[in-house]
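S.K.: What follows is each chain in one-letter form.
Number of protein chains: 2
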Amino acid sequence: MSSTRDIDALIDMMARLPGLGPRSARRAVLHLIRKRALLLSPLAKLMQTVADTARECATCGNIGTTEICDICTNAKRANGQICVVEDVADLWAMERGQAFKGRYHVLGGTLSALDQVGPEVLRIPALLARVDSEAITEVILALNATVEGQTTAHYIADQLDGRVTLTSLAQGVPIGGELDYLDDGTISAALSARKRL
Amino acid sequence: MSSTRDIDALIDMMARLPGLGPRSARRAVLHLIRKRALLLSPLAKLMQTVADTARECATCGNIGTTEICDICTNAKRANGQICVVEDVADLWAMERGQAFKGRYHVLGGTLSALDQVGPEVLRIPALLARVDSEAITEVILALNATVEGQTTAHYIADQLDGRVTLTSLAQGVPIGGELDYLDDGTISAALSARKRL
Ligand SMILES: [Zn+2]
Ligand SMILES: [Zn+2]
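Those protein sequences? They're chains P and B, same order as listed. Counting the first sequence from 1 gives a position; the numbering used here is that position plus 275. Counting the second sequence from 1 gives a position; the numbering used here is that position plus 275.
Chain P extracted, bound-state conformation (with noise of 0.2 Å):
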């Protein structure tokens, strides 16, 4: 047995992590190794808190550590207003432009018959009822300009015509481009500029 068999298992773990490779995953680790009192260790109990406690909001679907999220307990943040994003990442990017002041819901996807996601998979019908619950006056449509963003968004607005008012993030956001992509000051201006549905 090779004596390097957990380093080079913890290489291949992390090298198949988005954004990383075989290459930088060797030079984290060699780093995390030379400072392990340092960093290895702290990263590992972080790690494994994180794993511990994390958890989807039963609200809304962000991330966070309590059965609802900040954003959802804080009742400054009851504006009327609810910002659906596809997914986290989305709602971070959204919060590091701290433009909007409301609430949001999470869908964790866009619709697809291919893969069979449909309205239920996606939270849909829970939105459907924070809008009555919640006195929603406005819901903004803020998903991927993708085609199945695109198609959510429109299944999502039939759904809620007449209800309540929808917007959708306007300039700033380019064809084909992704919120989490973006920089904070065209997310600030894409929502500034939103415009009615």
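Because identical chains cannot be distinguished in the list, a pair is counted as satisfied if it fits within a single copy or across any two copies.
When the alpha-carbon atoms are kept at most 35 Å apart in a straight line, the in silico DSBU-like pairs for lysine-lysine are as follows:
1) Lys376 to Lys320
2) Lys351 to Lys376
3) Lys351 to Lys320
4) Lys310 to Lys320
5) Lys310 to Lys351
Think of the hints as simulated: they come from the structure by calculation, not from any bench. Quantities reported herein were computed from a predicted structural model and do not represent experimental measurements.
Dock chain B with the ligands against the given chain P, drawing on the hints supplied.
M.R.: Coordinates of chain B with the ligands only, in the frame set by chain P:
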């Protein structure tokens, strides 16, 4: 206290790893949290194991989990050759090339008057001792083709002059290039075309 404090801290730690940045750290952490049972928890445990067991080989400076590494304990690799490298990453790069059958000596850096890195910091006395105790006939100086790497190579060559055959990696190592960035085939070619100093 934010319910995402630990998640934010995890993203910050990951973002500071070489090769990552804020965006790839966020993507990696979201990916890990989504697969927290399957991926994040095992990764945390593996990191802790490596943090607890990783150590430098007392002979050559390679990283493993035993006092003496697999290469230094493998009798087949006592072929009279020692390959001197700056860094464990370079040793790993040489091993991926699968061309070198001898043993290694990891300096852990290069000589630098400015940074007060002298020969003793770089395990150079230990290298000189190994040349005698392990009946070494050839020392391959596989240091990076940087000014510091070549200064260090010359210093070692001076110390060993007349005691062993001194060689260096020849063709294939680009000027200013670093071993760890080279493809495996280039390293093989450079090794087999090594030239006597
Ligand atoms: Zn929430
Ligand atoms: Zn060794």
